[in-house]
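Chemist: Given next are the chains, with one letter for each unit.
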Amino acid sequence: MNLVNNVLILVVFINFFMLSSSRLVPCIRAVSLQGALLALLPLLTHGFTAHTVVLSCGALALKGIIIPRLLLRTIEQVGIRRELEPIIGYVPTTALGALLTSASFLFANQLPLLPEHVDSLFIPVSLSTLSSGLLLLMTRKKAITQVLGYLVLENGIYIFGILLLEAMPTLVEAGVLLDLLVGIFVMGIVMHQIHRTYSDLGTEQLSALKE
Amino acid sequence: MLLIALIALPLVAAGSALLLSDHRWRSALLPITGALHMGLALFLFIRPEAPLAPLWLDLDPLSTLVLLVTGGLFFACALYALPYLRMRREWGNRLMVAGQLAFLSAVSLAVAARHLGLMWFAVEASTFISAPMIYFFRNPLSLEATWKYLINSAVSVALAMLGILFIAYARLSGEGHTDLHLAHLLEHGTQLDDSWLKAGFAFYTVGFATKMGLAPVHMWKPDAYGEAPGLVGALMSGALAAVAFLALLRGVQIMDVAGQAELARAILVGFGLISIVIGAISMVRQPDIKRLLAYSSVKHMGILVLGVGIGGLAAYGAMLHLVCNAFAKSAAFLLSGNLQRSYGSKQLPDIQGALTHVPASGNLYLISFLALTGTPPFGLFISELLVFIGALQRHYIPAAVILLLSLGVAFVGFLQAVTRATTGQAPDARPAFRDHWLLVLPPALLLLLTLLLGITTPPPIAALLADAAALFEVLP
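Going down the list, the protein sequences come from chains E and G.
Residue 59 in this note's numbering sits at position 59 of the first sequence, and the numbers go up by one each step.
Residue 1117 in this note's numbering sits at position 117 of the second sequence, and the numbers go up by one each step.
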């Protein structure tokens, strides 16, 4: 349990790194590292079974390698390095992230946990990662950072899913990962179009549609 | 077996669309697959088969209903797509045809799925498949709409997944082991842990309510429906919204058996009333004919959840409303597409005198307005009336009053738009696109169906509607 908790704490550190950083390449690398860490969790908690191996390999391949590569290639082609004007500054977002993380711990304590989950950090870390992802999504203007936020949010849900391995058969789990890949792929295509149309990845230009 | 064919057939057709190189043959795949799919759905309705894996895929009355609606709708849209894609040849049809077929497959899977994880997978897949179709026109506005739709739906459906996992935990907590088969969840509903279930239902509802486009989480809807081609708007407002509704109702079913029916009902009624009011108000003075329809859709989705929330006669009304709204709304989207093409604009000041400019589309547009605003004898009149009477029967007096007032406001808002669009001086220039019989026939057929359902509900259909509504009857 201790090792698992340490991994989970690293996941939270990565959330904070992403909330406080303006540079995109390190952020993508951080998401990739987070994905790789998540790939460890099924094996560490449930041991080696066909189901956990598939889940781990899938997470490592998609979240750790393929998706970060797709994103790195996108920013290379688009030629941007930094998120320039977040809607809320980096220090306030980090502070908000800290608040949300403590709220996640409080919330998780309110829910009736099974005895075997009381000492584990799975549920609070899952909720805190989810809210960090939402925070990234809402406070950043660049399309690419919003995609990163979505990935972090998905990672949060993945963490929760590991607790409920038996509820999600391998095939469904594979489908969920496939959806994620297709989603990021489609977002990548749309990002290319945004860049071709506005020669930038800022979503602030995307504000013509309103009443 | 047939059920699996229903899901696999469009997927295979989508694959072939990607491989085929001939523009015409690719387009032809749409109505062929659509006809087969609709035929299979009808056959399964008339002669239900024993499913191969009932824990995974099966049809209950509600899913049969949604499947029939989706099948009919898709076929009508596929006929419309033939001349449409020929006219828009310069945009290419590979992605559009493959996308629509894959969309049909995903939607059918979502409808038939009896495992919440599997259902979630299919709904999420249909989201990502439909996004590129919104961007068909490849202009900055549709790009913006696509991006907003993508991010919004991706996040909301992710939240729904969290809700599903919470429900799984509720079962783990209550029973010591868990899975997400709907049959098991309904069977052992009483043993679900309350706190986890309620928290899960909150996430689940927010997720699928966003997907369905209920106010106040509807913001993507006017943008996406406004900028997508009428064809895509028709499919999304009819099929995708119906599937999101179905997904939402699965959560309600679980809440019902777990003894949380009252909470679930209160949430549905709340979402319903807010959507009805916001949808109706936003329709007033709306200058864009497609955004107008999007807000009308927000209102109609509100009526659906309100009806189920109230239950009894209102729930039956909601099921009828599901069918009628899907048909009428899709017809209106297809016709708005026709108007937009003829005038080169979808803004009201530019659209005038449609009755003389494009007579067939103009007249049908007028009829679709009557159908959508619930004018007798169209089906939506009956369904809205049933929801209203149902609300009175169960003493939801304020809700009934709000419903009636909002329907009035929506009628006036829509009337303003329709009068301006159909009457007045038609432009002198000949329309850029003339009425083509296949661009007019599908919406006409859909409107005819809506009309027939208003005049009489054939006994098998009425039985299906009643069975579907009975799923949400809470036994005391």
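Rather than coming from a laboratory, the hints here were simulated on the basis of the structure.
Careful, some of the hints might be misleading.
Covered stretches of chain G, as calculated for chain E (at least 3 residues, CB under 8 Å) [what the hints assert, rightly or not]:
#1 1076-1090
#2 1135-1144
#3 1177-1191
#4 1203-1213
#5 1402-1412
Every residue, glycine too, gets a C-beta built ideally from N, C-alpha and C.
Chemist: Run every hint past the structure and note whether it holds.
Modeler: Each hint tested on the structure:
1. Counting residues of the region 1076-1090 of chain G whose CB falls under 8 Å from any CB of chain E gives 0; the rule of at least 3 is not met.
2. For the region 1135-1144 of chain G, the assignment as covered by chain E holds, since 6 residues bring a beta-carbon within under 8 Å of that chain's beta-carbons and 3 suffice.
3. Evaluation of the coverage hint for the region 1177-1191 of chain G: fulfilled, as 4 residues show C-beta separations to chain E shorter than 8 Å, against a requirement of three.
4. Using a Cβ-Cβ cut-off of 8 Å, 0 residues of the region 1203-1213 of chain G lie near chain E, which falls short of the minimum of three, so the contact claim is violated.
5. Only residues whose C-beta sits within less than 8 Å of a C-beta in chain E count toward coverage, and the region 1402-1412 of chain G has 0 of them, not enough to reach three; the restraint is violated.
The structure fails to meet hints 1, 4, 5 from the earlier list, while all remaining hints are met.
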